[in-house]
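Starting from the known structure of chain U, fit chain Y onto it as the hints suggest.
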Amino acid sequence: AQSVTQLGSHVSVSEGALVLLRCNYSSSVPPYLFWYVQYPNQGLQLLLKYTSAATLVKGINGFEAEFKKSETSFHLTKPSAHMSDAAEYFCAVRWGGSQGNLIFGKGTKLSVKP
Amino acid sequence: NAGVTQTPKFQVLKTGQSMTLQCAQDMNHEYMSWYRQDPGMGLRLIHYSVGAGITDQGEVPNGYNVSRSTTEDFPLRLLSAAPSQTSVYFCASSSGRNTEAFFGQGTRLTVV
Chain U
1 AQSVTQLGSH VSVSEGALVL LRCNYSSSVP PYLFWYVQYP NQGLQLLLKY TSAATLVKGI
61 NGFEAEFKKS ETSFHLTKPS AHMSDAAEYF CAVRWGGSQG NLIFGKGTKL SVKP
Chain Y
115 NAGVTQTPKF QVLKTGQSMT LQCAQDMNHE YMSWYRQDPG MGLRLIHYSV GAGITDQGEV
175 PNGYNVSRST TEDFPLRLLS AAPSQTSVYF CASSSGRNTE AFFGQGTRLT VV
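Heads up: the protein sequence lines correspond to chains U and Y, in order.
Residue 1 is where the first sequence starts when you use this note's numbering, and the numbers rise one by one after that.
Residue 115 is where the second sequence starts when you use this note's numbering, and the numbers rise one by one after that.
If you're looking for bench data, these hints aren't it; they were derived computationally from the structure.
Note that beta-carbon positions come from the ideal geometry of N, C-alpha and C, so glycine has one too.
Take these hints with a grain of salt, some might be off.
Stated by the list, open to error - A short, non-exhaustive set of chain U residues, derived as facing chain Y with CB atoms under 10 Å:
1. F34
2. Q42
3. Q45
4. K49
5. I60
6. F63
7. A92
8. R94
9. G107
Said to hold, decoys possible - Now the stretches of chain Y that chain U is said to cover, found in silico as 3 or more residues with beta-carbon under 8 Å:
10. 146-159
11. 217-224
In isolation and in its complexed conformation, chain U is listed as follows (with noise of 0.2 Å):
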């Protein structure tokens, strides 16, 4: 079955340090691949996605994330985390033979010391 994996449940780190969330998934077909970060007590909001153009994907808030086919990675990064950071971020994935339905990691929640 396929499947999408975040490395690592919770992250610290310190405010101004480098932010990197890790996000694999199964399959080698291509996927679409999606980023949304969930505040406390609020729905997902989208921070980025790939669609098969630019490897390299900006998304809001300073966020960005790189697509490697060979690692099957999606790996979400910021140079510098702000306290406002602080919240849990998910990959998701569509696989474009699916119906187009959404499979999600389980999460990865950041946390960024003063």
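Relative to chain U, chain Y alone:
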């Protein structure tokens, strides 16, 4: 621009009760889906629809029913609530396979 609207935001049910979670979108999206979110589990797909009159099961469909009589609405019915259905439920819609899903604000359901 309302986007995806879910009601209610909070609900407490007794075991065995039934209820309907409402979801409406005003973006004329064909795809709609219901997810449940549990700690450490991410979001799991319950049911989905690719258009009015067409629904199908997702990963965790047991205990839930859906119907899609209009493009705008996609209600989720709990037939006989169980404590295992305590969760946060999200409705989402999208316009196509290569587009992002838009999410509602969620319904926090507690079954006692």
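At a threshold of 10 Å, is the proposed contact between Q45(U) and chain Y supported by beta-carbon distances? holds (8 Å)
Interface restraint verdict for I60(U) against chain Y (beta-carbon cut-off 10 Å): Constraint on I60(U) not satisfied, violated at 12 Å.
Would you check chain U against the segment 217-224 of chain Y, counting CB to CB pairs closer than 8 Å, and say if three or more residues qualify? With 4 residues in contact (Cβ-Cβ under 8 Å with chain U), the coverage given for the segment 217-224 of chain Y holds.
Do three or more residues of the segment 146-159 of chain Y come closer than 8 Å to chain U, measuring C-beta to C-beta? holds (count 8)
Evaluation of the interface hint that places A92(U) against chain Y, nearest CB under 10 Å: With a minimum Cβ separation of about 8 Å from chain Y (threshold 10 Å), the hint on A92(U) holds.
Measuring from the C-beta of G107(U) to each C-beta in chain Y, is the shortest one below 10 Å? holds (5 Å)
Hint status (Cβ of K49(U) to nearest Cβ of chain Y, threshold 10 Å): holds (5 Å)
With chain Y as the partner, please determine if Q42(U) meets the hint condition of a C-beta pair closer than 10 Å. holds (7 Å)
The hint names F63(U) as touching chain Y; please verify it with the least Cβ-Cβ distance against 10 Å. This interface hint is violated because 14 Å lies over the 10 Å limit.
Given R94(U) as an interface hint, is its Cβ closer than 10 Å to any Cβ of chain Y? holds (6 Å)
Quick check on the hint: F34(U) CB to chain Y CB, less than 10 Å? holds (6 Å)
Violation of the numbered hints given earlier is confined to hints 5 and 6; the remaining hints are satisfied by the structure.
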